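Chains as they are written, first to last, in our numbering: chain A, 106 to 427; chain B, 230 to 522; chain C, 236 to 369; chain D, -1 to 264.
To be clear, the hints were calculated from the coordinates, so they are not data collected in a lab.
Bear in mind the structure is a predicted one, so any value in this text is a computation, not a measurement.
Even for Gly, the Cβ is constructed at its ideal location relative to N, Cα and C.
Do not rely on the hints blindly, as some may be mistaken.
Stated by the list, open to error - Within a straight-line C-alpha distance of at most 25 Å, the following computed DSS-like cross-link-like pairs (lysine-lysine) qualify:
no., chain 1, residue 1, chain 2, residue 2
1, D, K264, B, K522
2, B, K522, C, K365
3, C, K271, C, K352
4, C, K271, B, K522
5, B, K493, D, K131
6, B, K493, B, K504
7, D, K264, B, K325
Unchecked claim - Simulated DEER-style distance windows between Cβ atoms:
no., chain 1, residue 1, chain 2, residue 2, range
8, C, D276, B, P433, 26 to 36 Å
9, A, I405, C, D276, 30 to 40 Å
10, D, A85, B, K494, 28 to 38 Å
11, D, N220, A, P249, 47 to 57 Å
12, B, P446, D, P251, 53 to 63 Å
13, B, Y444, A, N237, 51 to 61 Å
14, D, N220, C, N363, 34 to 44 Å
15, D, K235, B, I495, 32 to 42 Å
16, D, R219, B, P350, 42 to 52 Å
17, A, M143, D, G255, 46 to 56 Å
18, D, P258, A, G343, 37 to 47 Å
One-letter residues, chain by chain:
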Amino acid sequence: MDNLLSRTRHQAVFVFFAAAVVCWAQPQINPDNVKLTMAHVQGSVYVLMGDGGNITVQVGKDGVAMVDTGFAPLAVKAMAEIRKLNTGPVVWIVNTHVHTDHTGGNAEIMKLGMTRESVGPPRLVAQSNVLNRMSGPQPNGAPPIPEAAWPNDEYFLPTKDFFFNSEAVIVYHVPNAHTDGDSLVFFRRSDVLSTGDIFTPEHYPIIDLARGGSVEGEIKGLNQIIDITVPAKYQEGGTMVIPGHGRLCDEADVVEYRNMVTIIRDRLVDMIHRGMTLEQVKAAKPTLDYDTQYGATSGIWTTDMFVEAAYKSLSTKTVSEK
Amino acid sequence: MFAALLAVPAFAQVDFTGEWAPLYHEDGPERLPGPELGDYTELPINAAARMAADTYDADRISVVPEYQCRPHGADYSMRGLGNLRIWQEIDQNSQKLIAFHTHMLAWDSERTIWMDGRPHPPAYAPHTWQGFSTGVWDGNMLTITTTHLKVNYLRRNGVPRSDKAIFTEHWMRHGDYLTVVTVIEDPVYLTEPLVRSDNWSLDPGQNIGIFGCEYAPEVPRPEGTVPAHLPGNNPYLREFAGWYGLPYEATRGGAETMYPEYMKKIAGEYHPPAKCSRYCKCTSLFDCNLNSK
Amino acid sequence: MKRTLLFLAIAAASLLTTQVKVYAHHSFAATYFEDKTITIDGTLRQFLYRNPHSFVHVEAPDDKGVMQTWAVEWGAGGQLSRDGVTRESLKPGDHVIITGNPGRDPEDHRIRMQSIKRPATATAAEFNWKGVVR
Amino acid sequence: MMRSRLLASILLAAASMLGQGVPPPSGIGPPGRPQPPKSGEAAAPVDFTGYWVSVVSEDWRWRMVTPIRGDFASIPMNEEARRIGNAWDPDKDIAAGEQCKSYGAPAIMRVPGRLHISWADENTLKIETDAGKQTRLLHFTVKPPQSVERSWQGYSIANWERPVRGSGTPGFGLGATREGTHGKSLEVTTTELRAGYLRKNGPPYSENTVLKEYYDLHKERNGDTWFTVTTIVTDPKYLNEPFVTSTDFKKIPDGAGWDPSACSAK
């Protein structure tokens, strides 16, 4: 019952696997040591949670649709959990963005997801920048990503949609947020929205500048989530939100997170306009009131790194504004 | 002569069900018209909570549309407008008590307090304004534990309460009075548990109307605007200390200011005005305005 | 006697529960300069008759003569209906004079209403309301 | 006046006898010889003894500092009381040797400080306060003296809350006593009070005041032990309705921090 402990473990797990985020290298995971939990969200949508990003699973008479595929070493275990819900073919996979904790399982799931009823390999949808980054040279001399893991149904326009298991599924591109290839996935009848790492309620948003991320884009993405979601009575429930990492949410939870990023943005813009250097900004602790909720002093994404990325992102914008 | 009241010592009261009217005989001005800016007294808050409150702009409730119909959390409800109805749910087959249910005036909020020993949901489960509550008896005192609470507030002047809080209550009925002890543990914003208690009076004639709430562009601002003061720029934080002659440090709250020995520390710095001029009366909804005397 | 007094006091409070809505919501001291009063004279653009608090949006000049849109907070729908105010009491385009407490955030041009008057016109009778928005 | 004081004493005596001496309500068990009444200490379902500190999480402005003259927020006082309160004159109280007017039983538990609670004897629970150096004696089964001199702390009759009326009566032979019926509160009724102030800045309570208190022990998740006292002040002379507050005390290991200080009228 004491969810404080399990939440801290959850955060530690995230920070450890975040280490793999920046490059394609697959972390060494022993699947036997990993607990995957499948939970019903709403309608025909479920979420598979464990180490790595949350995996959204939609099931029905037509088979299985997925949002993200987690880490490669866990693909077999993940598919075993999915098979408990539905034995039909995996027909659609959407990648919310390029990072390994969300796309590492692509190639394995594409194979494991095929059944006798499969007409062909699953359609692996992603925004075109995901394909560009996966097919191009990898940073820090990391090995190229095998073609089997690349999206085979990339989209260029603001949205892409398809109809599956009696439900419209709409994919929205959110430019330059967490990365430049982010997608939101909205299961309309089930009224569930998967956000990828644009919304990660247990830590500051990772702004991956190297892959086209930005603070203003992140805020636009959060506002877009709030536009899409509709709460039930008294601002609770209604459209359910599956974050990239962390617990199940709804609009009200996204509003708190959006407010945090917006308020911090306003503070940093003011400091930048006053000509403060990055060191001066860090010394002023502009995120002190949120650090005890979202901050970290160790791991791949510390508070300082968030402030640094935001400062650079906003400085570039502020310069281009002039 | 009121000796008749003494007649027979009380039998234990064990029935919480019924209609309960809140008594505002403690902290009336803060609980009714609302707290003043910069008043963080009696709260064991940390620096993060203080900065969140210092940078809070009260227009946020009108400008952020999603805040307009945001209810009080289960914990704040016990301090807020708390006309309360409590009823039992009994299992038909076993005739056992499954749950207590409450309905509260503010935002028609309803809670279920499970009494059947069911576990709390896992950490990843959705959080709600009223959270997930289970209750156990301790003699005739009901002890309730609530988890899975959405982000809310400790006070309506910006002092936050996080979604990592755990909320414990102890319900005690004495004659026609209900006392509820509330204990808020919040690792994000409090340095120690906040323990308070509030009281209700049995009121069978009470009729809790419909609260109701509709969204509307109360104070139109561009979408995504979140009114806030920049750190260090809130000009109103010293008003409260000035109005009541309090040393500014004492108004900043914190556990140290809540223990008796703090009285000596500030004794020499307290310079009250000659006469009360703000909220001098304030015991009910109808006599609690700035100038009510 | 004592118990009856107690009962009456609480019954009165509960009968008027509709008045309390605004108290539940925000804090007046945090939102307005309660010890200051301003008056605006302008044209009503919108009347949001609702819970937990009604609003009227009025176009009127500020103290520098610059035309602003003011957001004036009024009572909950329940409170207004008890005072005989309905959705039809005021219409967009009405000339209104409003007095109240100014909001703390100057940018928002916000007022907590204390009184509102619509002078009589050829087509509409004079309208007045004065009271405490709770 | 003497006749009503006599009536009060008789009723107090009846209350204390009923409080403890009455055999447990008819229950399932066979009717046996009535048990000799246990002492207050022996019958205690919970232990209030030890050192406690008030943690001021309510009414801070009206407790940690002397409230501003005329600031009677939250007190359901009538206009006569407000008139008297507005005329509060601490120097006059000092001259009259009445510095302890705001340390009487109806107010003392709201005064920030430490308490030491112990059994003076098996039927008298003693509460000592460092603030104002007051002592309260809560009498369990002792017959109240014929006439009691009015004092700041008055005369307190205490009893442990008894199991719910009718508990154990089998519902047509099938039901058993349900959970949540065993009372563990300490109930204290205090009269014979000298007129005093509900708070330091002079809101009055009269001699007619009847103070009812309920003490409840509760343990917290972090291991702390607390008690909460619900204080119900009934005074038809100055209050429109009973003035109900509840104050929370945290147990502390010992007397560290004990800071005896005389009553202060200002």
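Here is how each hint holds up against the structure:
1. K264/D / K522/B: The given pair, whose Cα atoms are some 23 Å apart, holds under the 25 Å limit.
2. K522/B / K365/C: holds (20 Å)
3. K271/C / K352/C: holds (19 Å)
4. K271/C / K522/B: holds (18 Å)
5. K493/B / K131/D: Holds. K493/B to K131/D sits at ~16 Å (cutoff 25 Å).
6. K493/B / K504/B: holds (23 Å)
7. K264/D / K325/B: violated (56 Å)
8. D276/C / P433/B: 26 to 36 Å: violated (50 Å)
9. I405/A / D276/C: 30 to 40 Å: The hinted range 30 to 40 Å is violated for I405/A and D276/C, with Cβ atoms some 60 Å apart.
10. A85/D / K494/B: 28 to 38 Å: holds (31 Å)
11. N220/D / P249/A: 47 to 57 Å: Hint holds: Cβ distance 53 Å, inside 47 to 57 Å.
12. P446/B / P251/D: 53 to 63 Å: Once the Cβ atoms are compared, 57 Å apart, the range 53 to 63 Å for P251/D and P446/B holds.
13. Y444/B / N237/A: 51 to 61 Å: Taking Cβ atoms as reference, Y444/B and N237/A lie about 41 Å apart, which means the hint is violated.
14. N220/D / N363/C: 34 to 44 Å: violated (57 Å)
15. K235/D / I495/B: 32 to 42 Å: Hint holds: Cβ distance 35 Å, inside 32 to 42 Å.
16. R219/D / P350/B: 42 to 52 Å: violated (18 Å)
17. M143/A / G255/D: 46 to 56 Å: holds (54 Å)
18. P258/D / G343/A: 37 to 47 Å: violated (59 Å)
Taken one by one, the earlier hints fail for this structure at numbers 7, 8, 9, 13, 14, 16, 18, listed in ascending order.
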